[in-house]
Amino acid sequence: MTGEQIIFLITAGYTLGSGLMVVTTRNLVHAALWLVATLFGVAVTYALLNANFIAVVQIVVYIGAIAILFIFAVMLTRKDLRDNTPQMNKNWWVGALLAVLTFAGFAFLLQGWSGFSKTAAAIPSEFDAVGALGEALVSPNAYVLPFEVASVLLLAALVGAVYLAFNKK
Amino acid sequence: MNFWNDPLKVAADWLEGIFAGWGMDAVLAHVLVAFLGVFLLIIILMVLDIFLVWVERKVVARFQDRLGPNRVGPFGLIQPFADIIKLMIKEDTTPGGADKVVYNLAPILSMASVLILWAVVPLAPVMLGVDLNVGVLFLIAAGAIGTLSIIMAGWSSNNKFATIGGFRQVAVMVSFEIPMLAMLMIPVIFSGSMNMNTIIESQNVWYFLISPLGALIFLIAAIAELGRAPFDLAEGESELVAGFNIEYSGMKFGMFFAGELLHAFTFGGFWAILFFGGYRFFGLEQVSPFLAVLILVIKAMVGYWVIMWVRYTVMRIRIDQMLAFNWKFLTPLAFVLVLVTALADALLASAPTWLYVSGMFLANVLTGWAALEIARSATHKEREQLEGAKQPAEVSH
Numbered sequence: 001m002t003g004e005q006i007i008f009l010i011t012a013g014y015t016l017g018s019g020l021m022v023v024t025t026r027n028l029v030h031a032a033l034w035l036v037a038t039l040f041g042v043a044v045t046y047a048l049l050n051a052n053f054i055a056v057v058q059i060v061v062y063i064g065a066i067a068i069l070f071i072f073a074v075m076l077t078r079k080d081l082r083d084n085t086p087q088m089n090k091n092w093w094v095g096a097l098l099a100v101l102t103f104a105g106f107a108f109l110l111q112g113w114s115g116f117s118k119t120a121a122a123i124p125s126e127f128d129a130v131g132a133l134g135e136a137l138v139s140p141n142a143y144v145l146p147f148e149v150a151s152v153l154l155l156a157a158l159v160g161a162v163y164l165a166f167n168k169k
Numbered sequence: 001m002n003f004w005n006d007p008l009k010v011a012a013d014w015l016e017g018i019f020a021g022w023g024m025d026a027v028l029a030h031v032l033v034a035f036l037g038v039f040l041l042i043i044i045l046m047v048l049d050i051f052l053v054w055v056e057r058k059v060v061a062r063f064q065d066r067l068g069p070n071r072v073g074p075f076g077l078i079q080p081f082a083d084i085i086k087l088m089i090k091e092d093t094t095p096g097g098a099d100k101v102v103y104n105l106a107p108i109l110s111m112a113s114v115l116i117l118w119a120v121v122p123l124a125p126v127m128l129g130v131d132l133n134v135g136v137l138f139l140i141a142a143g144a145i146g147t148l149s150i151i152m153a154g155w156s157s158n159n160k161f162a163t164i165g166g167f168r169q170v171a172v173m174v175s176f177e178i179p180m181l182a183m184l185m186i187p188v189i190f191s192g193s194m195n196m197n198t199i200i201e202s203q204n205v206w207y208f209l210i211s212p213l214g215a216l217i218f219l220i221a222a223i224a225e226l227g228r229a230p231f232d233l234a235e236g237e238s239e240l241v242a243g244f245n246i247e248y249s250g251m252k253f254g255m256f257f258a259g260e261l262l263h264a265f266t267f268g269g270f271w272a273i274l275f276f277g278g279y280r281f282f283g284l285e286q287v288s289p290f291l292a293v294l295i296l297v298i299k300a301m302v303g304y305w306v307i308m309w310v311r312y313t314v315m316r317i318r319i320d321q322m323l324a325f326n327w328k329f330l331t332p333l334a335f336v337l338v339l340v341t342a343l344a345d346a347l348l349a350s351a352p353t354w355l356y357v358s359g360m361f362l363a364n365v366l367t368g369w370a371a372l373e374i375a376r377s378a379t380h381k382e383r384e385q386l387e388g389a390k391q392p393a394e395v396s397h
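Heads up: the sequence lines are chains E and C, in that order. Under my numbering, the letters of the first sequence match residues 1 to 169, in that order. Under my numbering, the letters of the second sequence match residues 1 to 397, in that order.
Chain E extracted, bound-state conformation (with noise of 0.2 angstroms):
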């Protein structure tokens, strides 16, 4: 086992682990800790796959501002931060069926798969990852038109949310 194979179990393991205590912990700003710790795993893994620009643009805007939110949210607005109702309600057994048919059928589409025994070609040193991910971004043969969507997606986003905070005189 290589290096990178163990960073990558250790990591994988700590992502799962603390996102099964995202939905079993009963403090609800502890869930919130635990999805940040979620979310830092998520992180690594991007790095371990050389993508540095999403790793640290999921740390920015998921620790930075989403889960800050979900924070300040659950704060503000329970007064009580412990839930004693039962955490499972009576249709937990078709919760648990669907996720044994999903991980079934991704096991059985990806058993004849040939990319779980290579290796990643090299990245050559003087790739400009971030510079062709911009690019990307922006060109007409590649992604503008989705780029152009999200954003006036967000826009209108926005807009909605001025729109229902804006106090009418």
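Note that these hints are calculated values from the structure, not bench results. Careful: at least some of the hints might be erroneous.
Chain C regions said to be covered by chain E (calculated; three or more residues, Cβ under 8 angstroms) [to be verified]:
1. 136 to 145
2. 170 to 180
Label-pair ranges, simulated between beta-carbon atoms [stated by the list, open to error]:
3. E:123 <-> C:287: 31 to 41 angstroms
4. C:27 <-> E:113: 25 to 35 angstroms
5. C:359 <-> E:126: 31 to 41 angstroms
Please read all numbers here as calculations on a predicted model, not as lab measurements. Heads up, the beta-carbon is just placed ideally off N, CA and C, and yes, glycines get one too.
Put chain C on the given structure of chain E with help from the hints.
Okay, now just chain C, sitting in the frame of chain E:
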């Protein structure tokens, strides 16, 4: 390649040679040497941090016309060590009803969010932790961890003042992250890279001269991010006693305190790197890496001094003033400045250096002047609405 030209690499090779001589695996030796390097950097930073306590206290004393610490050792230099002993032997209290794990984790994260920044600081052309191609964004990512540590400290203390302080600090940090992120785009536009080392290498003219307004907005956002006056609402002594760190005692409080000082020095360093040429100073950095480190430290100290100068001169503003200032003035101005800079950069792309620099400078001055004029007329209108009845009486006499 000798020691005086590339000290880190020579030292690392030498150590790896010794470890290999003991029969250690080459990869393991490499990892071990990297760990030792990180350890060494952290030790140097922590020792510097002890020294910064003295610097901060001496400088604030000068600003307030006092002498500052002058009893323990020459010029009071041993004072920080006396402070550390005091912090160490203080009782380590945990308030009843506190969330123990979160409570104890917060000071560690606070310190770590500052130390982690030094991973991307190029101390000299050949002395840097990681040559990250997204170094500029890394700054914001580390800030996110700092924000998290403060909200954790505020919430887990089980104290209403701490919680209010935490909320305020997070409101400041989340708001001022936006102009800061926009201002980080300005060196990126000029250098065409998000790598800290490339940004320094491409500063043949300091970016402060090309974009003075950008440097100023970055400084304001940095001061807000640090939670220093005039943005120190989180600690507002007169309202919140001590803010988010109210329940912390001994070395746990010391971690927040030391983290804040080192953070201020670090942002002084980033200000120097992004807008004042980092380790470059008229070619002196080529002479020796040690000289380059000295230049960067001096520039960072000057930046730190400016931050202290602002802190001890300006008074605290209210939270509504802070939010209005950020969202109604600084954020729009930052975005307009990025647009103007990008447009001027495209227009002046083929111009000679003197024309490029003066054109950019002019564009910055005009943007700043227009923003101030708009803000002035808006406040005038607002004031007229509030004092509408009084205005004619003053004109008549």
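Do the hints match the structure? See the list:
Counting residues of the stretch 136 to 145 of chain C whose beta carbon lies closer than 8 angstroms to any beta carbon of chain E gives 7, which meets the minimum of three for the stated coverage. Evaluation of the coverage hint for the stretch 170 to 180 of chain C: fulfilled, as 3 residues show C-beta separations to chain E shorter than 8 angstroms, against a requirement of three. Checked against the given bound of 31 to 41 angstroms, the beta carbons of residue 123 of chain E and residue 287 of chain C, roughly 35 angstroms apart, stay inside it. The hinted range of 25 to 35 angstroms is satisfied by residue 27 of chain C and residue 113 of chain E, whose Cβ atoms lie roughly 30 angstroms apart.
Between residue 359 of chain C and residue 126 of chain E the C-beta distance comes to about 32 angstroms, which sits within the given range of 31 to 41 angstroms.
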